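There are 2 protein chains.
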Amino acid sequence: MAKSTQFRPTDGELEILNVLWQHGPATVREVYEKLSATKPVVYTTVLKLLQIMSEKDLVRRDERQRAHVYEACLPQSEMQRHLVTDLLDRAFEGSAKELVMQALSSQKASRGDLAEIRRMLDEYERGAK
Amino acid sequence: MAKSTQFRPTDGELEILNVLWQHGPATVREVYEKLSATKPVVYTTVLKLLQIMSEKDLVRRDERQRAHVYEACLPQSEMQRHLVTDLLDRAFEGSAKELVMQALSSQKASRGDLAEIRRMLDEYERGAK
DNA sequence: CACAAAGTACGAAAGTTTTCGTTGACATTA
DNA sequence: TAATGTCAACGAAAACTTTCGTACTTTGTG
Chain A
716 MAKSTQFRPT
726 DGELEILNVL
736 WQHGPATVRE
746 VYEKLSATKP
756 VVYTTVLKLL
766 QIMSEKDLVR
776 RDERQRAHVY
786 EACLPQSEMQ
796 RHLVTDLLDR
806 AFEGSAKELV
816 MQALSSQKAS
826 RGDLAEIRRM
836 LDEYERGAK
Chain B
716 MAKSTQFRPT
726 DGELEILNVL
736 WQHGPATVRE
746 VYEKLSATKP
756 VVYTTVLKLL
766 QIMSEKDLVR
776 RDERQRAHVY
786 EACLPQSEMQ
796 RHLVTDLLDR
806 AFEGSAKELV
816 MQALSSQKAS
826 RGDLAEIRRM
836 LDEYERGAK
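Residue numbers (the working numbering), protein chains in the order written: chain A, 716 to 844; chain B, 716 to 844.
Hints listed in this document are in silico derivations from the structure and should not be mistaken for laboratory results.
One or more hints might be untrue.
Identical copies go unnamed one by one, so any copy, or any two together, can satisfy a pair.
What the hints assert, rightly or not - Here are the computed lysine-lysine pairs in the DSBU-like style, where the Cα-Cα straight-line distance is at most 35 Å: (1) 763 x 749; (2) 771 x 749; (3) 754 x 771; (4) 823 x 771.
No experiment lies behind these values; they were computed from the predicted model shown.
Could you build the full structure based on these sequences and the hints that come with them?
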């Protein structure tokens, strides 16, 4: 298995994780329904992916019911942290500053967001003092 | 070819791009030397990757010399922007705020960085007003 | 019980990425 | 000019991802 596959979900896997995070623990069918809403997918493809993710410990499976219930192993925020630090290392030479700058320049932060980010900075700075 | 392969370099490709950005236009051997410094690589693997990247228009090739000279098509910052927005869409539901928060919590910003980020915020806010 | 519906398991195929050996062209120098 | 070293080109193989068809199992219902 490649480089810590545990913290580097593929695109398809991440789509499924997004559903699980939003919805909470879900059956294959539930995930399938959610995904179908935005793009054409095949039920067994979703199933297969969830099975593979299970092997990789990306999700946990509860087999007590006939329709197994899947749940993300990591909370969304933790996975996000992994993904960000990974990107930081691979493309930003570890410079969080640069990454933040690029994130802001991508024009997706509202005024409210900016205010919150400022609050975060205050807090972070206090903590790091 | 998959989803805009142009703006989604693979890991191996990104490593090479990092060398090209730092070093400037370089021959295969130069890239190879740089990469060798940190991990074992095979010359022809680097060559092959550069050839593929050439086809994908991830790099430009100057063939005037026998040792072809390769150069990244996109400046580093632009590629970084693409990568961040991509991650934003795939894992953060487009919320730059969340991404910034995770980036900061990954403990890689110095006090100086934080100050610069504040400056950035000011500037960005002025622009977005 | 028999049948249909819904579920899991499995495997094959196609596409992508990564690796590396081999070949042939070109250059340098003894 | 012959030997040696450097280079690009090519192709094949391995690993991984993604997709989807098929088979088998379980459950519910007439």
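We went through each hint and held it up to the structure:
no.: 1; hint: 763 x 749; in the structure: within (16 Å within a copy, 40 Å between copies)
no.: 2; hint: 771 x 749; in the structure: both (23 Å within a copy, 33 Å between copies)
no.: 3; hint: 754 x 771; in the structure: both (25 Å within a copy, 26 Å between copies)
no.: 4; hint: 823 x 771; in the structure: both (33 Å within a copy, 28 Å between copies)
Of the hints listed earlier, there is not a single one the structure fails to meet.
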